[in-house]
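Protein chains: 2
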Amino acid sequence: MVAVVDVRDIVVPIQSRIRNAYIDFSRMNVSVVAVVTDVVREGRPVIGFGFNSNGRYAPQGLLRERFIPRLVDAARAHPTSLLDDSQTNLDPTAIWRLLMSNEKPGGHGERSVAVGVLDMALWDATAKIAEVPLWRLLADRMQGGQFDERVFVYAAGGYYHPGKGNAALQDEMRSYLDRGYSVVKMKIGGAPLAEDLRRIEAVVDGVLDGDASRLAVDANARFDRRTAFRYADALAPLGLRWFEEPGDPLDYALQSALTESYAGPMATGENLFSHQDARNLIRYGGMRPDRDILQFDCALSYGLVEYLRTLDMLHRHGWSARRCIPHGGHQMSLNIAAGLRLGGNESYPDVFEPFNGFADDIAVEDSYVTLPEEPGIGMEAKSELYRTVLKPLVES
Amino acid sequence: MVAVVDVRDIVVPIQSRIRNAYIDFSRMNVSVVAVVTDVVREGRPVIGFGFNSNGRYAPQGLLRERFIPRLVDAARAHPTSLLDDSQTNLDPTAIWRLLMSNEKPGGHGERSVAVGVLDMALWDATAKIAEVPLWRLLADRMQGGQFDERVFVYAAGGYYHPGKGNAALQDEMRSYLDRGYSVVKMKIGGAPLAEDLRRIEAVVDGVLDGDASRLAVDANARFDRRTAFRYADALAPLGLRWFEEPGDPLDYALQSALTESYAGPMATGENLFSHQDARNLIRYGGMRPDRDILQFDCALSYGLVEYLRTLDMLHRHGWSARRCIPHGGHQMSLNIAAGLRLGGNESYPDVFEPFNGFADDIAVEDSYVTLPEEPGIGMEAKSELYRTVLKPLVES
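Taken in sequence, the protein lines are chains A and B.
For the first sequence, my numbering begins at 1 and goes up steadily by one.
For the second sequence, my numbering begins at 397 and goes up steadily by one.
These are computed hints drawn from the structure, not numbers from a lab.
Note that CB positions come from ideal geometry on N, CA and C, so glycine has one too.
Errors might be hidden in some of the hints.
Said to hold, decoys possible - So the derived list for chain B, only partly shown, Cβ under 10 Å to chain A, looks like this:
(1) G451
(2) R493
(3) S497
(4) Y648
Build out the structure end to end from the sequences listed, making use of the hints.
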């Protein structure tokens with residue numbers, strides 16, 4: 001028998017002066033949860049950790065009002081309802097159904113983040129109890145043991161910042177190359193088109209030796225229809241890695257129309273928070289399975305349990321999981337990318353500390369990273385995160 | 397100059413033993429807010445009240461973490477930013493933009509409820525400051541003074557309930573007719589099809605003199621594709637008022653396919669919480685502007701400011717506002733229905749007290765109600781609501 005004996009949560013600010021085309025991050029924060037079990041491994045209780053991705057706020061109210069109480073109540077009243085058939089480990093899918101009991105369908109936002117945070121902690125605990133890294137657990141359970149030994153990562157940055165000129169943008173991008181990234185991403189849409197084109201040119205010609213296929217651009221859903229087409233027309237000849245989220249994430253008709261005039265790869269999905277929303281993008285968004293990128297982020301969208309439904313939906317629509325490069329830059333998606341053989345993972349080398357990036361001892365080489373061998377997600381192998389957030393949370 | 401001087405909120409339980417096909421309501425609750433102004437009318441400060449509809453939980457955490465602080469901070473730092481050009485009244489649209497600042501697009505759930513609660517209170521205050529009922533304010537501002545003197549309402553009930561047999565269901569429906577309703581709605585999908593058909597027959601033949609056009613049925617998004625078609629085929633010959641929300645609210649392809657095999661009116665929309673989601677239903681859901689019913693509920697979906705965007709979208713897609721009969725059974729939608737000339741409003745005669753129903757002195761006749769003459773939404777004219785919830789909130 002395994003038991004959940006405590007669930008803790010805190011809110012950690014990740015405020016920053018950066019800005020994308022849609023919001024500034026001056027009040028951004030993150031919920032962190034610890035799911036404490038009675039299982040002992042290497043002399044210590046197994047604790048699963050989870051946190052939400054950047055861009056959506058800490059869902060502390062929702063966690064405390066509904067989702068943590070449902071987990072704690074079930075752990076107390078029906079402890080076996082949390083377990084798999086062997087009763088020697090947690091069952092994240094069964095727990096997901098408990099968390100979502102008495103929740104109406106539709107309206108996928110905010111609560112999808114709260115459930116995503118808990119889901120991350122539950123998978124972390126499950127892999128730790130099984131004494132394997134999460135990527136291996138997933139590979140063993142779902143891929144016949146097959147996994148990717150290294151995962152493509154790209155450096156997301158290029159935010160707008162008061163007083164930041166093109167020289168500073170170039171310095172930033174150059175520093176990503178110095179740290180092993182060969183593909184980088186920058187924000188667009190926060191400046192007029194002509195200025196954004198100069199910013200792009202500064203990076204492509206000044207940093208990437210003229211190779212635009214190493215640069216993705218992200219409009220963060222800022223554009224109306226007319227502006228989206230103006231940008232698409234101007235960007236089309238450049239040969240960029242991808243053109244990300246030009247319009248409202250739910251405007252599938254606009255997305256579909258854009259794919260007809262923009263032949264290069266497009267990317268979207270970070271603001272779709274359920275498999276039903278993802279399915280609508282696939283049904284109506286005109287996305288092309290041979291080139292486009294899907295960026296659904298499990299930590300914002302009901303966790304890995306729901307992400308598995310999304311992958312199943314994609315498979316049935318003829319899409320390869322290789323087209324998925326999740327938003328968020330966290331280790332949860334790194335594990336998923338390796339264990340379920342996605343196309344890669346985002347990385348934020350310089351922002352959203354200490355939740356950004358990967359284990360301390362893992363270097364980026366040619367825009368690929370190898371995997372942590374620690375049981376679980378590997379958050380303990382990221383010392384700054386462990387020291388400043390996770391350890392104080394469990395020792396408080 | 398007008399100023400917002402205080403914003404208060406409480407959570408009120410509306411738990412009940414009822415059950416629809418998807419959830420039970422044993423822990424359902426409602427957030428109530430009071431927006432206190434420095435305007436004095438009839439010797440007392442003007443206070444706007446708002447609350448969320450049933451079916452989604454009280455968004456207290458979101459209100460306190462983000463939306464009330466944004467309103468209070470703006471009221472303190474930039475008081476004129478809340479006001480219309482005359483500076484003699486609030487501007488709910490301007491305040492909406494303040495509330496939604498630094499919120500990313502997409503993910504329309506939960507926060508849409510929090511904003512909806514505040515929006516209701518802001519319109520209530522705005523109409524009170526203008527010393528007119530909200531329906532008249534809307535008619536004067538947006539309809540050239542034209543409004544409906546009475547509004548169609550139907551009685552929503554017929555929930556599943558432990559031990560409730562068909563005789564009790566008939567008694568319930570008969571009591572709605574006794575109270576002036578001629579159109580009623582009952583739940584389906586919480587029992588096998590054969591039993592649901594017997595329940596429907598008991599109401600149509602036993603209560604409605606065989607006239608199925610006075611009965612709507614609501615599956616609360618319970619059905620998978622196969623079950624939805626089984627029900628559609630079985631219900632189609634009956635001639636019901638409408639068949640509501642058979643499948644997942646975001647499965648527009650299923651909704652569209654059903655309209656091809658179910659010729660009678662269908663209804664949906666209560667679980668779509670933004671004009672973008674509503675637009676997707678119109679674009680992809682196969683809904684027919686000559687017969688189908690749209691049930692978007694402003695109190696769950698960013699309020700009237702967003703609902704106006706939805707109505708504008710409908711107009712541009714060739715839909716009349718008369719096709720809208722909002723979910724929720726609250727006085728906010730009653731005012732909107734009269735002032736913007738919708739098709740009617742839901743009513744819950746027996747559940748969700750004291751937030752259900754209309755002003756004390758307004759009787760239902762032939763399934764129509766007349767309008768309150770009190771300034772604002774008219775919540776003070778509902779004495780149980782005022783006495784047990786609103787008055788204690790402002791006097792606390």
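Hint-by-hint comparison with the structure:
{"no.": "1", "hint": "G451", "verdict": "holds, 6 Å"}
{"no.": "2", "hint": "R493", "verdict": "violated, 13 Å"}
{"no.": "3", "hint": "S497", "verdict": "holds, 8 Å"}
{"no.": "4", "hint": "Y648", "verdict": "holds, 7 Å"}
Of the numbered hints listed earlier, the single one contradicted by the structure is hint 2.
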